[in-house]
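Engineer: Listed here are the chains, written in short residue letters.
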Amino acid sequence: MNRFFDLLSVAVYMIFIQNLVFSGGYGASEAIRMAAKPRRFLLFALSIAYFSVVTSAACRALDFIPGVFALSDALHAVIFVLMLVLVYLITAVLMRIVLKAEPKFLSLMGISALNTLVLAIPFINNRAAYSLTESIGTGLGAGLAFILAVALMSNGMQRLSQNKDIPAAFSGAPAIFIYVALLSLAFTGFSGTSLFA
Amino acid sequence: MAGNAKSKPLPLPQVFLRGILIHNPVLVQVIGIFPVVAAAVSLRTSALLAGVFSLVLIITQFAACAFLKKVPRWIRVAVYLLIGIAVVFPVLYILEKNNAGIRITLGIYLPLMAANPLAALRCEKVAVRSSIKHSFFDSVAASIGYSAVLLTAGFTRELFGSGMIAGKTVSFIHPASGMLMPFGGFIVLGFTAALLRWYVLRRYPKLAKETAFEIVNTSVRVRQIPAPRFSPAEEEPAEAEKESPAPVLAVSDMQSPPDSLPTEDNDGEAAGDIQTSDDVIIQPEDDMEDYHGESGELVIMPEEEVLPDEPVSGESSAEELSPAELPDKEEIPVETPVSEKVPEAVPPDDLQTAKQTVSADDDSQLKSIFPDLYLSEELDSQAIDRRIEDMFNSLEEYEHKTPNEE
Numbered sequence: 001m002n003r004f005f006d007l008l009s010v011a012v013y014m015i016f017i018q019n020l021v022f023s024g025g026y027g028a029s030e031a032i033r034m035a036a037k038p039r040r041f042l043l044f045a046l047s048i049a050y051f052s053v054v055t056s057a058a059c060r061a062l063d064f065i066p067g068v069f070a071l072s073d074a075l076h077a078v079i080f081v082l083m084l085v086l087v088y089l090i091t092a093v094l095m096r097i098v099l100k101a102e103p104k105f106l107s108l109m110g111i112s113a114l115n116t117l118v119l120a121i122p123f124i125n126n127r128a129a130y131s132l133t134e135s136i137g138t139g140l141g142a143g144l145a146f147i148l149a150v151a152l153m154s155n156g157m158q159r160l161s162q163n164k165d166i167p168a169a170f171s172g173a174p175a176i177f178i179y180v181a182l183l184s185l186a187f188t189g190f191s192g193t194s195l196f197a
Numbered sequence: 001m002a003g004n005a006k007s008k009p010l011p012l013p014q015v016f017l018r019g020i021l022i023h024n025p026v027l028v029q030v031i032g033i034f035p036v037v038a039a040a041v042s043l044r045t046s047a048l049l050a051g052v053f054s055l056v057l058i059i060t061q062f063a064a065c066a067f068l069k070k071v072p073r074w075i076r077v078a079v080y081l082l083i084g085i086a087v088v089f090p091v092l093y094i095l096e097k098n099n100a101g102i103r104i105t106l107g108i109y110l111p112l113m114a115a116n117p118l119a120a121l122r123c124e125k126v127a128v129r130s131s132i133k134h135s136f137f138d139s140v141a142a143s144i145g146y147s148a149v150l151l152t153a154g155f156t157r158e159l160f161g162s163g164m165i166a167g168k169t170v171s172f173i174h175p176a177s178g179m180l181m182p183f184g185g186f187i188v189l190g191f192t193a194a195l196l197r198w199y200v201l202r203r204y205p206k207l208a209k210e211t212a213f214e215i216v217n218t219s220v221r222v223r224q225i226p227a228p229r230f231s232p233a234e235e236e237p238a239e240a241e242k243e244s245p246a247p248v249l250a251v252s253d254m255q256s257p258p259d260s261l262p263t264e265d266n267d268g269e270a271a272g273d274i275q276t277s278d279d280v281i282i283q284p285e286d287d288m289e290d291y292h293g294e295s296g297e298l299v300i301m302p303e304e305e306v307l308p309d310e311p312v313s314g315e316s317s318a319e320e321l322s323p324a325e326l327p328d329k330e331e332i333p334v335e336t337p338v339s340e341k342v343p344e345a346v347p348p349d350d351l352q353t354a355k356q357t358v359s360a361d362d363d364s365q366l367k368s369i370f371p372d373l374y375l376s377e378e379l380d381s382q383a384i385d386r387r388i389e390d391m392f393n394s395l396e397e398y399e400h401k402t403p404n405e406e
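Those protein sequences? They're chains L and H, same order as listed.
Take the first sequence: its position 177, counted from the start at 1, is 177 in the numbering used here, and no numbers get skipped.
Take the second sequence: its position 137, counted from the start at 1, is 137 in the numbering used here, and no numbers get skipped.
The shape of chain L in the complex, shown without the other chains (with noise of 0.2 Å):
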């Protein structure tokens, strides 16, 4: 049980505290384009919380063995691309063979798997040593960060896109990423970061 709620405790940090997409800018711009043009997400966003679930269990797995956990840190980071690399692979070939995917929908499924904020949870494990448990949280909990992610900006973009007064100069991307660094200093705000110390 305690490890259940070690889990989601994990998870939920990731989703508000640090929530990956807005605190640290990991997969930013799949976040934007995505809320730009939300058609799929969810199955994106379902694709993404797999991939970070299984990528981010299996490299912390790899280091129960002793000569992986040694390793250096630039050894670490090749061993985490092979690992993301495989389970995309093994997953997409899974879809190909046994559910006869369409290969524009593994393409989908591709952009989802490899990008920054995927293959930043094995990092952040590493870095923050977490445990098994704790892994699996933070790979859900990057899914799970990354649909909030969306929802609050597909809603202010949909405002954005249709407000006159934003200069010409501002109008399409500069007023997105002023609305998303304005989302982004709400959740510095929540990580209880102090900015004028």
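Some hints could be false.
As the list claims (entries may be wrong) - Chain L regions said to be covered by chain H (calculated; three or more residues, Cβ under 8 Å):
1. 16 to 27
2. 58 to 66
3. 136 to 146
4. 173 to 182
In case anyone wonders, no lab produced these hints; they're calculated from the structure.
Ideal Cβ positions, reconstructed from N, Cα and C, are used throughout, including at glycine.
Position chain H against the provided structure of chain L, taking the given hints into account.
Structural biologist: Quick look at chain H alone, frame taken from chain L:
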């Protein structure tokens, strides 16, 4: 423009102009912003990141162009990541051996450069569809554009966040540590993007459309789908009814993309692919294409077409009115005593019927009678109701006015 790009590659200055300014990866296409936002906190780290990124992009794009054209797309995207880590690993290794300080500063950001989505985008859009030479120059242009943004962000954030320029403290700036956080990065990006957009609007007004960022309306989109165009000859309800299924179709129901959409074989640098509002709203279910933006650059539907203010004369205004707004508009002919050709017995809740019964003549007549109603910026029902009330209050004045304007 699209045709030119398709038949032969753009001339070199054009490639660089577009790669660096018009289609700037970060500021215009909004891709690969993670390193800028998270890691570019000083000029030094920015320079390192820019160097690593340029290497990753140029090598990945070259490899994709040379070897990966026949490989299925879903495998290619994984290969890009592998190439990325193969490029980043030596840098990581050397830094780890020699200089621990910068490794700590860059934290986990440097290895994450391997998964830069910009490399995947440029490869998919340009590299696998064009010659090695074109692909190389494209990657160099994109690298310069990306590096410029990284360095600008690094310089600005170092100056305002740490009060330093390239590691040397300056006295006249009081550091605001917030600039070093991701939200500071977003703010810097926002203002830099605005600066770029301002410059492009002034210097290259013809290309300004290409710097727009498309936002597809979702919750409100259903209401904003314009009714199908039907000519004034097809005023009869029976004829119009044949065309009626189109406006209620949700986008997901559209099976075939319209002809005017850029096709799959379109060159990635088909820069002139500005879509009309209709094209943007009714899009194919191609998620990958869609997610990356059609042919690499992002387009926006002109705002006037999202919320049309003034109907085009000769065409029915019904085609531009959103179905939700129609009932409100529909009240105008019903309530105004002047209009003669008001269709009778229009059930206000039936949008289809309502749309069909607004004919072009009715509309142009209405327009001539209430010019300022149609010119009004706001189209919401309350405003229209208010206007109508005002007009009724000053009906006498209006009767004087009407013949003059007609």
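Engineer: Confirm or reject each hint.
Structural biologist: Now for the hints, and whether the structure bears them out:
1. Coverage of the segment 16 to 27 of chain L by chain H holds [criterion: at least 3 residues with CB-CB distance below 8 Å; count 6].
2. With 0 residues bearing a CB less than 8 Å from a CB of chain H, the segment 58 to 66 of chain L misses the requirement of three and the coverage assertion fails.
3. With a threshold of 8 Å between beta carbons, the proposed coverage of the segment 136 to 146 of chain L by chain H is violated, since 0 of its residues qualify and at least three are required.
4. Residues of the segment 173 to 182 of chain L with a Cβ under 8 Å from some Cβ of chain H number 9, which satisfies the need for three, so the listed coverage holds.
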